[in-house]
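Following the hints, put chain B in place on chain A, whose structure we already have.
Number of protein chains: 2
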Amino acid sequence: MNRPVAAPTRNGRVKLPGHVLDVTAPLALDCGVELAPYTIAYQTYGKLNADRSNAILVCHALTGDQYVAEPHPVTGKPGWWDILAGPGKVLDTNRYFLICANVLGGCMGSTGPAEINPATGEPWGLSFPVITVADMVRAQKQLLDHLGIKQLFCVTGGSMGGMQVLQWAASYPERVFAAVPIATAARHSAQNIAFHEVGRQAIMADPEWCSGNYQPQNRNPSRGLAVARMAAHITYLSEAALHRKFGRNLQDRNALTFGFDADFQVENYLRHQGITFVERFDANSYLYITRACDYFDLAAEHGGALANAFRGCPTRFCVISFTSDWLYPTRESREIVHALNAAAANVSFVEVATDKGHDAFLLDEPELHATLRGFLDGCAQHRGLPGA
Amino acid sequence: MNRPVAAPTRNGRVKLPGHVLDVTAPLALDCGVELAPYTIAYQTYGKLNADRSNAILVCHALTGDQYVAEPHPVTGKPGWWDILAGPGKVLDTNRYFLICANVLGGCMGSTGPAEINPATGEPWGLSFPVITVADMVRAQKQLLDHLGIKQLFCVTGGSMGGMQVLQWAASYPERVFAAVPIATAARHSAQNIAFHEVGRQAIMADPEWCSGNYQPQNRNPSRGLAVARMAAHITYLSEAALHRKFGRNLQDRNALTFGFDADFQVENYLRHQGITFVERFDANSYLYITRACDYFDLAAEHGGALANAFRGCPTRFCVISFTSDWLYPTRESREIVHALNAAAANVSFVEVATDKGHDAFLLDEPELHATLRGFLDGCAQHRGLPGA
Chain A
1 MNRPVAAPTR NGRVKLPGHV LDVTAPLALD CGVELAPYTI AYQTYGKLNA
51 DRSNAILVCH ALTGDQYVAE PHPVTGKPGW WDILAGPGKV LDTNRYFLIC
101 ANVLGGCMGS TGPAEINPAT GEPWGLSFPV ITVADMVRAQ KQLLDHLGIK
151 QLFCVTGGSM GGMQVLQWAA SYPERVFAAV PIATAARHSA QNIAFHEVGR
201 QAIMADPEWC SGNYQPQNRN PSRGLAVARM AAHITYLSEA ALHRKFGRNL
251 QDRNALTFGF DADFQVENYL RHQGITFVER FDANSYLYIT RACDYFDLAA
301 EHGGALANAF RGCPTRFCVI SFTSDWLYPT RESREIVHAL NAAAANVSFV
351 EVATDKGHDA FLLDEPELHA TLRGFLDGCA QHRGLPGA
Chain B
1001 MNRPVAAPTR NGRVKLPGHV LDVTAPLALD CGVELAPYTI AYQTYGKLNA
1051 DRSNAILVCH ALTGDQYVAE PHPVTGKPGW WDILAGPGKV LDTNRYFLIC
1101 ANVLGGCMGS TGPAEINPAT GEPWGLSFPV ITVADMVRAQ KQLLDHLGIK
1151 QLFCVTGGSM GGMQVLQWAA SYPERVFAAV PIATAARHSA QNIAFHEVGR
1201 QAIMADPEWC SGNYQPQNRN PSRGLAVARM AAHITYLSEA ALHRKFGRNL
1251 QDRNALTFGF DADFQVENYL RHQGITFVER FDANSYLYIT RACDYFDLAA
1301 EHGGALANAF RGCPTRFCVI SFTSDWLYPT RESREIVHAL NAAAANVSFV
1351 EVATDKGHDA FLLDEPELHA TLRGFLDGCA QHRGLPGA
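Chains as they are written, first to last, in my numbering: chain A, 1 to 388; chain B, 1001 to 1388.
Check the hints yourself; a few may be wrong.
As the list claims (entries may be wrong) - One-sided and incomplete, this derived list gives chain A residues near chain B with beta-carbon spacing under 7 angstroms:
no., residue
1, 191
2, 193
3, 242
No wet-lab data here; the hints were simulated from the structure.
Cβ atoms here follow ideal geometry from the backbone N, Cα and C, with glycine treated the same way.
Isolated chain A (complex conformation) (with noise of 0.2 angstroms):
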């Protein structure tokens, strides 16, 4: 169904292209809230065949969207994954058919705290539940029941995007028939949450967030929302790439001002980052996307060990990591692996030397693009997929 959605911006909605899908029926979230009823908003790219054997699901990351391979209806910027996702290209939509939805909680026409609370004609705000990673694949799920996709040929995603992906191995093996984390972990550590709370905090201290009802007041914490951006901004580059791309560069100057204004491209490259990002991301959903991040264990949710979420997983995994990734080095990636090992599930791993940090999953990482196509091509031939 095509009714339209829209995103919250600061100038106002934004009417959305692609695809809906109410659903009426309960979904159970982990916190014990049945919602109902819900939106999935999604975007997909290609043609499914015949079989319904050539889907796979593009997990975004947390600040993502469904936008993978055409301009961003608010920025007007190329898909996230443009550079990997269209006709000829590793994630080829002239042999697959892919499928993104905007996760749970966000703010690109899925449900999330910056939606109309259909009980009380409001903003959701903070009555919004809080939901999880899982939630987000449930929702998911739903969807590819609706689209009729009995099994995923694929299943990938970078950072939040990969957590998605491992959730779906845990929770539905049988549905995904491949599967490629990248750049991603089982689990969020001390160092991801502390960032994640200096995120939220920054949000929360600005007075425009109104306890989360900045929407029914036209307010917006924009400026709390850029700071968590910049913050978090500097996890996803490695020093390495800061050094090569700014080092010590002025902007625009030839010499230091003795001031407090952006005397060094890093500052000015990081107040750019946080103002573009305002103008299409709500904070609230900030909130609750950062949330699930940190509330991600996959190893708690069986048991405390993480084997146990995948054993008798029927699922091909490639993962892969990035050696100057230090907000989910390589190391998480690692016990993924060896969790893999200890189910006997089959497995291959890739650290990709790059100096790009964890952003490299969205970049022109050529022995990423390398690993990601091989992997599917042995894949699709296992499935019977024709080659390219």
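Coordinates of chain B only, in the frame set by chain A:
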């Protein structure tokens, strides 16, 4: 002289114990301003010998102060290097005369943005000139001249304190017999600048900051300052230390609450760090001192070659870094060592194996203490000071 000075705190000004030097001769700052008059608040421990040859200048870090080895007058907590400084300790006050001055731009009695500008009768606020690490050291030199100390036996400090140590050796080599820069760098990296910029933006985003003019309005950007402290605090600890201390442990509860309270101990800890910090620190001071660090680039001051900073320097150096310090990683200490070697300086280098991160210089770290003790003993012998 013991004119009373006071620190601006959230609960009004607190009178500060210790010494004060009022200087009327102008201080030529790097920004071009001639600052006059100005005040240096300082503390001493132990007794200056007849030769005035046993003085150790301790340089404090970003948010430190002159209360090295006695309870803090605002918080009542032990001195920040109490573990290292005192009778019979590594910085042995039975042998050495310790001096520590609040840095220029600070908020513990030395002239800074929270103090009254005598020309206007109002707090300096943002009209205070932007100062540099070299300016801090220039002011300290005035103090040493006042105390009649021609040559320091040693100058030491960690983090921003270490920058001052390097600056001392570069600016006044004949006045430094021995130097121990700990957990520091000869210049601030892009990542360092980025983290500081997040903190500054958090402060400036707080409407209580009032464009820096909060004091006359009896306002205080304490929420923004707390967020700045929280973000910075993460960088002071290693991932391993955070994991060991907190992991994913819950705070006074048995299960997740599915809310935005501090479910995790690490969240509670960070919030506590933020709240306690704002009791004792001035927000504008935080802006100025972080800026001074960002501007620090000893090589740039010497034609782009760090070795030039140390040509002909007679000082004996002991450079110390920590394996798990990701804020000022060992490679940055190695650059200092390489430059000292290239200048044929007398240098030893110790990388202390610890998982405590940057803050290890403040903690019970036996290898650090043994290294420092051994180096000081050796230097004392060379300097003709009596043994322990």
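Measuring from the C-beta of residue 193(A) to each C-beta in chain B, is the shortest one below 7 angstroms? Holds: closest Cβ of chain B sits about 5 angstroms from residue 193(A), inside 7 angstroms.
Does the interface hint hold: is residue 191(A) within less than 7 angstroms of chain B, judged Cβ to Cβ? The hint holds - residue 191(A) has a Cβ within 7 angstroms of chain B, the shortest such distance being about 5 angstroms.
With a cut-off of 7 angstroms, does the beta carbon of residue 242(A) approach a beta carbon of chain B closely enough for the hint to hold? Residue 242(A) check passes; min Cβ-Cβ to chain B is 4 angstroms, inside 7 angstroms.
Violated hints are absent here; each numbered hint is respected by the structure.
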